[in-house]
Amino acid sequence: MFIQTIGIWIGAFLTLAIFSFLYRDNPVYKVAENLFVGVSAGYWAVVLWFDFAWPNLFAPLFQGRIYYIIPILIGILMFAPLFPKISWLVRIPLTFTMGVAMAVAITQYIQGDIIPQLQGTFLPLRGVPFFTAFSNLLIILGVIFTLIYFYFSKEHKGALGVGAKIGVWFMMVSFGASFGYTIMARVSLLIGRVYYLLHDWLRVVR
Amino acid sequence: MKILDKLAVLDRRIIYLLVGLAVIIPMLIPLGLPVDITRPVQNVYDKIESLTEGSIVLMSTDYDPGSEAELYPATEAIIEHCFRRNLKIYMMGLWPAGSALGERALDTLARVHGKRYGSDYVNVGYRPGGAVMLLSLGRNFRDVIRVDYTGRPIDSLELGRQVRSARDITLVMTLSAGDPGVIHWVQYFHARFGTPICAATTAIMAPRQYPYMNSGQLVGLLGGLKGAAEYETLVKRRGRGLTGMDSQSIVHVLLVLFIILGNVILINQKRKKSAPGAG
Chain A
1 MFIQTIGIWI GAFLTLAIFS FLYRDNPVYK VAENLFVGVS AGYWAVVLWF
51 DFAWPNLFAP LFQGRIYYII PILIGILMFA PLFPKISWLV RIPLTFTMGV
101 AMAVAITQYI QGDIIPQLQG TFLPLRGVPF FTAFSNLLII LGVIFTLIYF
151 YFSKEHKGAL GVGAKIGVWF MMVSFGASFG YTIMARVSLL IGRVYYLLHD
201 WLRVVR
Chain X
1001 MKILDKLAVL DRRIIYLLVG LAVIIPMLIP LGLPVDITRP VQNVYDKIES
1051 LTEGSIVLMS TDYDPGSEAE LYPATEAIIE HCFRRNLKIY MMGLWPAGSA
1101 LGERALDTLA RVHGKRYGSD YVNVGYRPGG AVMLLSLGRN FRDVIRVDYT
1151 GRPIDSLELG RQVRSARDIT LVMTLSAGDP GVIHWVQYFH ARFGTPICAA
1201 TTAIMAPRQY PYMNSGQLVG LLGGLKGAAE YETLVKRRGR GLTGMDSQSI
1251 VHVLLVLFII LGNVILINQK RKKSAPGAG
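Chains as they are written, first to last, in the numbering used here: chain A, 1 to 206; chain X, 1001 to 1279.
Since the hints were made in silico from the structure, they are not lab data. Glycine included, each C-beta is placed from N, C-alpha and C at the ideal position. Fair warning: there could be bad hints in the mix.
Claimed, not checked - A few chain X positions that, by computed beta-carbon distances, are all more than 10 Å from chain A: (1) L1018; (2) G1032; (3) F1083; (4) T1108; (5) R1146; (6) D1155; (7) A1166; (8) H1190; (9) A1203; (10) R1208; (11) L1234; (12) R1240; (13) G1262.
To be verified - Partial chain X-side listing against chain A, Cβ under 8 Å, derived: (14) R1084; (15) A1131; (16) P1211.
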């Protein structure tokens, strides 16, 4: 309980220290900022070792699965550019990583994104309530006009130009929605901190 | 016009102060503004309601303390609903720091509902590897998960033994703040294994998820703190989501006023510059 209380006080102090930047830059803010960077780096180092490197690589190796030495060696080659004479060896881990990433991403992107999203635009305009039909029409037109905007093989003049302009309007609405959500997110983060100060620390909010 | 000229050079710290007060005052004096339930949130609720007792829900805490303010209330509300419905929770995370947050919520609510670790819920913690890991996980959980969050062998836990592949999971609920997160669950896990996916995301990410809802790849969505507040309304549990909603609404009104005022000031300044005789 005592440790928990100390933790809450430290959290409150650090929150206020970060907020003090709103008034102006100051040493207390700098201390909190550097502390955050240091703690984050330390936490990541520990997590990467205990949750990533040790159980997936070194533990199996020490249990006798000697072939785990191969990924370790390939991984070490990432440091090859530090030695100019053998710097070319870095191509081995890089090409391996790129190859695997591309193979996984391309197949799944087609299966999990492009095709379902294409199917998602095949929407009914008849036999559904009016508002649904209107929404479906907006989606279909939005996709078509936005795609027209990204068609660069012909100058955006005439009908193509009009289509591209409408596409820009659709995108602007989308950017506006994203911006609105971004503001909401930032306000939520502030609410989270204020709630911590008023509920956990000062205990004036239930 | 003198007021507009003065406002044009207003110290920005006054705006910070007003925003701060708009957050603090509604928390101290709640207004109880209504929270409407949107279709994406209702879909998540309905999906969980439709599951039979004993079904296994995989909850993935794909966030860290930076997004705790937005996603922790959703984590609690979803766990609460699952426990009330006697669903089993298999928790994991694609972000290192998310598991500790998930563990805290699980522990607290398990005590409230009298749930037992190992048979009613487990937490296997952070699982690195992103997309490749998810593909392996769906085929065979044992390839990826051998121990739980505390290092206990997964086969020593009843629920751990029960889950062998994606087929044993009835629903995936991802609480996502970025990459890896909801996109990976949709593009890899759902696309390959067909398991239904629901998501709670930060508000910034929410607009990007709507196409996935439209295509049926996502069943439902809780967007930011507002989504959590809606869910708390549905499960009749006043948590941090609902507590923060009055502040959220007041700040939004304030910001809209600031935007209108800012534009009025800008128009006024432009008009002055273009007036005859202006320098």
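How the hints compare with the structure:
1. L1018: holds (12 Å)
2. G1032: holds (14 Å)
3. F1083: Its Cβ never comes within 10 Å of chain A, the nearest being 22 Å, so this holds.
4. T1108: Correct as stated: the minimum Cβ-Cβ distance to chain A is 13 Å, above 10 Å.
5. R1146: violated (8 Å)
6. D1155: D1155/X clear of chain A: closest Cβ-Cβ about 16 Å, beyond 10 Å.
7. A1166: Given that every Cβ of chain A is farther than 10 Å from that of A1166/X, nearest at about 14 Å, it holds.
8. H1190: Since the minimum Cβ distance to chain A is about 7 Å, H1190/X lies within 10 Å and the statement is violated.
9. A1203: Violated, since 4 Å does not exceed 10 Å.
10. R1208: Violated: least Cβ distance 8 Å, not greater than 10 Å.
11. L1234: For L1234/X, whose nearest Cβ neighbour in chain A is about 19 Å away, the distance exceeds 10 Å, so it holds.
12. R1240: violated (6 Å)
13. G1262: Answer for G1262/X: holds, closest chain A Cβ roughly 14 Å.
14. R1084: violated (22 Å)
15. A1131: With a minimum Cβ separation of about 6 Å from chain A (threshold 8 Å), the hint on A1131/X holds.
16. P1211: This hint holds: P1211/X lies near chain A, its Cβ roughly 6 Å from the closest one there, short of 8 Å.
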